[in-house]
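If you want the building blocks of each chain, they are given just below.
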Amino acid sequence: MSRLVALPLLLPLVGAAVAVLTGRSRTVQRIVSLTVLTLTLGCSVLLLVEVDRSGTLVAHGGGWAAPMGIALVADRFAAVMLVVATAVLLAVAVFAIGEPGTERNHVAFQSVYLILAAGVSGAFLTGDLFNLFVSFELMLTASYVLITLGGRRAQVRSGMTYIVISLLASTVFVTALALLYAATGTLNMADLSLKLATVPVGLRQAFALLLLGVFGIKAAIFPLFFWLPDSYPIAPSPITAIFAGLLTKVGLYAIVRTQLLLFAPDMPTDVLLWVAGLTMVVGVLGAIAQDDLKRILSFTIVSQIGFMIMGLSFGTVAGIAALVYSMVHHVVVTTALFCAGGLVEYAGGSSQLKRIGAMLRTAPLVALLFLLPALSIAGIPPFSGFISKLSLVIAGFDANRALIVAVALGVSLLTLYAMMRIWVGAFWSPQEEPTPAASAERSGRFGAPALMIAPTVALVAATLVIAAAAGGIFSFSERTAGDLVHPRTYIDKVLDQ
Amino acid sequence: MTIALDACAAILFGLGTYLVLQRKLSRIIIGLGLLTHGANVLLIASGRRGYPPIVGSVGGTMSDPLPQALVLTAIVISFAVTMFLLALAYRSWQLTDDDEVADDVADRMISRDTSPGEDVADQEESMPEPVEVEVEEL
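Sequence lines, in order, name chains A and B. Residue numbers for the first sequence follow this note's numbering, beginning at 1 and rising by one. Residue numbers for the second sequence follow this note's numbering, beginning at 1001 and rising by one.
Simulated from the structure, these hints should not be mistaken for lab results. None of the values given here were measured: they were computed from a predicted structure. Glycine is no exception: its CB is placed at the ideal position from the N, C-alpha and C atoms. Watch out, some of these pointers could steer you wrong.
Derived, one-sided and incomplete: chain B residues facing chain A with beta-carbon distance under 7 angstroms [unchecked claim]:
#  : residue
1  : L1019
2  : L1042
3  : S1046
4  : T1061
5  : M1062
6  : I1077
7  : V1081
8  : M1083
9  : F1084
10 : R1091
11 : S1092
12 : L1095
Have a look at the derived ranges for each label pair, beta carbon to beta carbon [stated by the list, open to error]:
#  : chain 1 : residue 1 : chain 2 : residue 2 : range
13 : B       : D1097     : A       : S429      : 22 to 32 angstroms
14 : A       : L451      : B       : V1076     : 49 to 59 angstroms
15 : A       : R488      : B       : V1076     : 47 to 57 angstroms
Just a sample of chain B residues kept apart from chain A, beta carbon distances all over 10 angstroms, derived [what the hints assert, rightly or not]:
#  : residue
16 : I1003
17 : A1007
18 : C1008
19 : I1030
20 : L1035
21 : A1045
22 : G1047
23 : G1050
24 : Y1051
25 : P1052
26 : P1053
27 : S1057
28 : V1058
29 : T1073
30 : A1074
31 : L1088
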């Protein structure tokens, strides 16, 4: 069973190689890509079921035992994130095939997309800090190619910012690894967790902050988020959707994993609380100030990251459980929202709110597909966002953090305002000047190609399922949180004690 | 020896930081190269020093081979990303005859809003859109 752990990492890499070799035929490439992603999803679901039933699974690379060899670890947190991430990757792959332009015009799209998938799986599964770095690089290098696909001037400009910032973060990551290795002589996370106890407390706190900074750039927390609203909206919409849904959450996953496994006793709680509050507030204020649909949504992601950091900063089982549920909810709902945004841009011909309008009449299905995730992200009952925020609020009161809870509730209200601005601007307001690309007629009765609509419908349906099955998912989140707060079993499994 | 390596890393970090703060992309790339070298040198310095780590070759303490293996990986990664950045800088030069990092879009919007005489965003829109060329060609 433990061999299954390596498959979500290996399958996409093999698929990427095959997609390169079959570059002549786009159809074959698509079949390869969708098959590989479906298989990976199947493996991930199996893994999740198995891990939840019989505990953490560990695969040792080459049969070498853990502190020496390379370990891939699937615990509940990794497995659930893997399932959600692969499902979202599959949906967006279909969306990209449906969208005219991006995928059709670029021979490298499918292979690079699969490499991105491998990087994401690797980042979730690795039990080793250096392999976390390698997985991040795999994922980021693929994202550099995807964000500049097409090579338009705006893409080159903002892509440059994105790449330089990410590369700087990676350099700091390598530096942190060098310092950690010099201090402890290991990079295996389970082993580090034990050995860091012998390191002076000041040094430990410095490491905690250093890694928080490194992953904070990728997770787009305050004050390291500035690259995100500038670079994400420029990419083609399927790419923006997958970046927005997934990449920041991989950074957040790394924060949660390292802070709870390595630095749990002296986690910088106050720093995290401030970061959470400021990320929420600055993100949502940024969203309100924007005029472009994709930029509003990008700032909203930043703001939502703050909510999840808030869950982490409580440090209690209730807080972490709320965080896990929020991450599952947020990956799906953000991707759905950006796919719906892509549909709006396609059907309306622009993402500038000034230029589009009256889409409730011209594309009612798109309006519905946007409205449901928008209400969910704002935290309106009965959607999944409400359950996520409710659990965070309860955890906050339990941890005696009433102030940050008040801030969070205010931010939710402002998020609703930002969403309603898009709603009014794109769907209700009369269209002032007809744009040449306005294409409600050309694209048939749904307002967009069926292959773009179908994955968006699936994602929106998934957000409703996350709300409807909240009881089951939340009790799973609580079990996950228990594992994360008491990492003893994780360490024992990895080190085979 | 470790002091020398650490000092070397410090100098590389300093120079790299200076270059990264410049506006020309070519300088930023060189700066990033220096920074990654600094990190790699630091990674080398994090291991134990000693004789070459080949079993049965020499007596005495062996050096720690793990950081050296890690550095190899890190070098390859930074090499690949630097190549990509260079290609991007070339693309930027093709599009704009310059490799200077342009101002943020939001900044230009704000400067447009505060000075109604110059409509920067419209200026950019009136420029001919460059022909789409694939960045990646296999």
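Please name the hints from earlier in the document that this structure breaks, with their numbers sorted from lowest to highest. 1, 4, 5, 8, 13, 14, 15, 20, 21, 22, 29, 30, 31
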